[in-house]
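Novice: For the protein sequence lines, the chains are A and B, in the order given.
Per the working numbering, the first sequence starts with residue 63, numbered consecutively.
Per the working numbering, the second sequence starts with residue 454, numbered consecutively.
No lab work stands behind these hints, which were simulated from the structure alone.
All values reported here derive from a predicted model rather than from experimental measurement.
Here a beta-carbon is modelled for each residue, glycine too, at the ideal position from N, C-alpha and C.
Do not rely on the hints blindly, as some may be mistaken.
[Claimed, not checked] Selected chain A positions facing chain B (in silico; Cβ < 8 Å): (1) 116; (2) 120; (3) 182; (4) 224.
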Amino acid sequence: MALIAFGLIAAVVILSALFVIAARNPVHSVLWLILAFFSSAGLMVLIGAEFLAMLLIVVYVGAVAVLFLFVVMMLDVDFVELKQGSLGYWPFALLIGVILVAELALVWSASGSLNFDAFDPSPGAETNTEAIGAVMYTQYLLLFQLAGFILLVAMIGAIVLTLRHRPNVRRQNVSAQTGRRRADATELKDPAPGQGI
Amino acid sequence: MSNAIESLGSLWGPLLVLGQIGLFTLVLLLSIAFLLLLDRKIWAGVMMRKGPNVVGPFGLLQSFADFGKFLLKEIVIPAGANKFVFIFAPILTCTLAFAAWAAIPVAPGIEDGTSWVISDLNVGVLYLFAISSLGVYGIIMGGWASNSKYPFLGALRSAAQMVSYEVSIGFVIITVILMVGSMNLSDIVNNQTGGLQNWHAFSFQNFPLIVVMFPMFVIFFISALAETNRPPFDLPEAESELVAGYQVEYGSTPYLLFMLGEYLNIVLMCAMMTILFLGGWHGPVAIGANAAGSMPPLLLSLAGLFWFMLKILFLFFLFAMVKAIVPRYRYDQLMRLGWKIFLPTSLAAVLVVAGYVTYFGVQS
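Throw the hints in and build the complete structure from the sequences for me.
Specialist: Okay, structure coming up:
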C-alpha cells in the first residue's frame with residue numbers, strides 16, 4: 063500500500079517538476095511548481111516526517127509560492143521571446159545536472175549501509191515534532207539561531223535598500239485620522255432662507 | 454455487528470473512513486444550507502428587513518432553491534479566460550475547505566480517551582493552518598484566469614490580505630500550543646476539560662494568563678474575519694470598488710462552489726476557535742466523574758457533539774453580526790491593523806506565555 067502511494071506521489075512530483083520547465087505560460091509553471099511542493103509534502107508524510115511536511119506546505123506553498131505567483135502574474139514579460147535563446151544554455155544546464163547526480167551517487171556510496179526500511183522519523187522521541195525540536199534546540203542551537211539571524215539581516219537589508227524618503231509625498235497620519243472627533247470635523251449652521259452661508 | 458466487521462476483514466478500515474467522510478460531507482452541506490439562511494436572516498434582522506421568507510416556511514428552503522438555480526444555469530466562460538484554471542479555481546477552493554475537516558475532532562469517542570475524528574493527526578493544528586493557507590490559491594487563480602481587471606485586482610488584494618493575517622493567526626496558535634504542549638487537536642480539547650474556567654479563552658486555572666489568552670482569542674476572531682474575506686475585511690470583493698472582486702466573471706455552478714468554499718471556511722474557522730479557545734466538545738459546567746461514569750458513553754458522545762455545534766453556531770452568529778454592523782475597512786487600515794497592531798501584540802503574547810510556561814508550568 064505504502065509502496066503504491068510512494069510510486070504515485072513520486073511520479074506526480076517528477077512529472078510536475080518536468081512541467082515546471084516545459085510549460086509555456088509562466089503562471090502555469092508556478093502552478094506546477096506548487097503541485098510539486100505539495101506532492102513532496104505527501105512523500106514526507108509517507109516516511110513519517112509529518113512536521114516537516116506541514117511546514118513545507120505552510121512556508122513554501124502557503125507563503126513563498128504565493129509571492130512567486132503574485133510577481134509572475136504582474137510581470138508583463140514576453141516569455142516566448144525570452145525563451146528563444148535559452149537552448150544555448152544547455153551545456154551549462156547539463157553540467158549542473160551532472161554535478162547533482164554525482165553528488166547523489168557520492169552520498170549513496172558513502173553510506174553504503176544505509177537501510178531505507180529502517181528509517182526512523184522520530185529517533186529517541188515519541189513524535190517527529192519532538193525529535194526535531196530536541197535536536198534543533200540542543201545540538202544545533204547555535205546554527206539554528208544563526209540561520210534566524212541571517213534571515214533577519216536579509217529582511218532589514220531589503221527594507222533599507224527599498225526605503226526612500228521622498229519629499230512632497232502626502233502620507234497618512236493615522237493618529238490624526240483616528241483622533242478626529244465630530245466637533246473638529248463638522249459644524250452645525252443654520253442658514254437663513256435665501257442667503258446661504 | 455462484530456461478525457459483519459470481521460467478515461469484511463481489512464476492508465473495514467477504509468470503508469469506515471469512507472463512511473465518515475460521506476457523513477461529514479452530508480452534514481456539512483446541510484448545515485451550510487441553513488447557516489447561509491441564518492446569515493441572511495440575521496443581516497436582514499439588523500437592517501429591519503424580513504430577509505428570505507417566501508420559499509418554504511420562514512424561507513427555510515431558500516438555500517435549496519438557490520442551489521437548484523445555480524446548478525441549472527449555463528456555465529459562461531469569458532472569452533480570453535484561461536479555461537482550465539478558470540474552472541479549477543472554484544473546485545480547489547471547495548475541495549480544500551472540505552479537506553480541512555478531516556482533522557477536526559467533533560465529539561468524544563465511545564471508548565474512553567478517544568475522540569470522534571476522521572484522522573487524529575499528531576500535527577492537527579499545523580494541518581489546519583496549512584490547508585487554510587492554501588485557500589488563497591483558489592482566489593488568486595480565479596482572479597487571474599478571468600482575464601479581467603476587477604477580478605485581478607480583487608485577487609491581488611486577497612493574496613496580500615490573507616498572507617498578512619496568517620502571520621498573526623500563526624502566533625496566536627503558538628500560544629495555545631505552548632499551553633497544551635501538543636499539536637494534536639484532541640489533546641488541545643482534552644486540556645480544557647472541567648468547565649468554563651478551564652477553557653483557553655478564560656484559563657482561570659493559570660490565572661495571570663487570562664490577561665494574554667482572552668485578547669489572543671479576540672485577535673484570532675478578527676484575523677479569522679480577514680482570512681475568510683468577511684466584512685469588515687471583504688476588500689477582495691468590495692462591491693462599491695470592485696463590483697464583486699474575483700467572482701465577477703463567475704456564475705452558475707463555479708460560483709456556487711466558490712460560495713460553498715467560503716462558507717465552509719467560515720464554519721471551519723469557527724470550529725478552530727471552538728477547539729483552540731472554547732473547550733471543543735466540553736460543556737461549560739463540569740460533570741462529576743461519578744455522574745459521567747453512570748451515563749452511557751454514547752449519550753456523553755452525543756452531548757459533546759451538541760456542545761461543539763452550539764459553540765460553532767454561537768461564533769457563526771458573531772460572524773454574521775459583525776457583517777451586519779461594521780463598516781468596511783480601508784485597505785491601508787487593514788494592512789496597518791495586521792502588521793502594526795496584531796503582529797507585535799501576538800508576538801509579545803508568545804513571549805509572555807512561553808516565559809510563564811517555562812517558569813511556572815501550566816496546570817491543566
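Novice: So, against the hints stated earlier in the document, which numbers end up violated here?
Specialist: Violated hints (numbers, rising): 3, 4; every other hint is consistent with the structure.
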